[in-house]
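Protein chains in written order, with this note's numbering: chain Y, 1 to 109; chain V, 1001 to 1113.
Rather than coming from a laboratory, the hints here were simulated on the basis of the structure. These numbers were taken from a predicted model, which means no experiment stands behind them. Every residue, glycine too, gets a C-beta built ideally from N, C-alpha and C. One or more hints might be untrue.
To be verified - Simulated restraints on C-beta separations:
| no. | chain 1 | residue 1 | chain 2 | residue 2 | range |
| --- | --- | --- | --- | --- | --- |
| 1 | Y | E54 | V | R1015 | 43 to 53 Å |
| 2 | V | Q1054 | Y | Y27 | 48 to 58 Å |
| 3 | Y | S26 | V | P1039 | 21 to 31 Å |
| 4 | V | Q1054 | Y | F76 | 18 to 28 Å |
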Amino acid sequence: AQRVTQPEKLLSVFKGAPVELKCNYSYSGSPELFWYVQYSRQRLQLLLRHISRESIKGFTADLNKGETSFHLKKPFAQEEDSAMYYCALSYNQGGKLIFGQGTELSVKP
Amino acid sequence: KAGVTQTPRYLIKTRGQQVTLSCSPISGHRSVSWYQQTPGQGLQFLFEYFSETQRNKGNFPGRFSGRQFSNSRSEMNVSTLELGDSALYLCASSLAGTGPGYTFGSGTRLTVV
Chain Y
1 AQRVTQPEKL LSVFKGAPVE LKCNYSYSGS PELFWYVQYS RQRLQLLLRH
51 ISRESIKGFT ADLNKGETSF HLKKPFAQEE DSAMYYCALS YNQGGKLIFG
101 QGTELSVKP
Chain V
1001 KAGVTQTPRY LIKTRGQQVT LSCSPISGHR SVSWYQQTPG QGLQFLFEYF
1051 SETQRNKGNF PGRFSGRQFS NSRSEMNVST LELGDSALYL CASSLAGTGP
1101 GYTFGSGTRL TVV
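Bound-form chain V, shown alone:
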C-alpha cells in the first residue's frame, strides 16, 4: 500500500511570505500529526488532526496552522515566514492516533531566505 506522501519535497520561500504543505496519509488512516525537525531543536510536535478536528497542539506560535479534509488529507500553513522556520516538516499518520504506530512521510524541506 502507498505510504505517507508529502508535497512538495523542497521549497524555498522569502521572509514574510506564507507557505502551505500537504500530507496524504495511508489509506484508512484518520490521524495525521505534523512535526518540525531542526538540527538545534530536534523533532518537535506541531499538531495532530483526527477526523477533521485538531485534537492536540504543540507550543508553536499562531503563525503555524493546519487543517484536515474529509478524506484525511492534511495541510499545514505557515504565515509571515521567518528565517527560523527553515526546517524539515514531517507528517505522520496512524489509524486512530491512540498508542501510535505512526508512519512518517519523507518530509518537506523548507528553506526561508
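Same shape as in the complex, but just chain Y:
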C-alpha cells in the first residue's frame, strides 16, 4: 500500500540553523511528491512540488527514488518558518493525496 512517513513529530531548531524535514514514501511506481505547509490559524497551502524543482521561501526538496525519500531542506531557518509541514504523495489522476502525519517545525530566536 502507498504510504508516506514523516518520522519526526516535532523538530526544534534555532534561527539561522539548517533544517531538514524528513519524508519517506512507499510506492513502486512513479509518484508525484509534494510538501504542504500550514501556518498557525491558516489554511493548508502548497509549498513545493517535486516536478517543478523550484525553491520556495528558501526551501528545496529533492526526490530520491533509490531511497524513496523527499526531504525538505532550508540552509538557514527563520522564525516565520515555524509551522506544520506535511509531505504528500499522488500516484494517479483523480486528486488523491496521501499525507504523512506531519512535522511541527519550531524555530526559536
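Add chain V to chain Y, keeping to what the hints say.
For chain V alone, coordinates are given in the frame of chain Y:
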C-alpha cells in the same frame, strides 16, 4: 480571485443526525477533493469529484457521500453521525485534478456530541 470557500465553518451535531457540508471551488476549477483531518489519523482522503463524477474514493464507510454540481460546487454528506466523525473536513480544488496543485479551503470543524 476568491479562494476555496467552505461553509459552515463550525458545526455541532448530535449522534445519529446527518450533516451536509459545502465547498465552492476556485472559479474555473473542475476537480474537488475532500479530506478528513483528525489528531489521531491525520489527513485522510475521502473522495474526489471531477465534472460531476466521483473519480476516486478513500476508505470510508458508506455513511460518507458526496456530490458535485454543474457549477463545480460540491457537497459532502455524513449520515448517522458517530462521535468519531468529529473532525476538520477540508475541501481542495484544482483545475483538472491531475498532477495537483490543490488549493485548500479553511475547513469545516464538525463536532459530534
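How the hints compare with the structure:
1. One distance hint, 43 to 53 Å for the beta-carbon pair E54 of chain Y and R1015 of chain V, holds here, with the actual separation near 47 Å.
2. A C-beta distance of roughly 23 Å is found between Q1054 of chain V and Y27 of chain Y, which places it outside the suggested range of 48 to 58 Å.
3. The given range of 21 to 31 Å is respected by S26 of chain Y and P1039 of chain V, whose C-beta atoms sit roughly 23 Å from each other.
4. For Q1054 of chain V and F76 of chain Y, the hinted distance range of 18 to 28 Å is not satisfied, since their beta carbons lie about 45 Å from each other.
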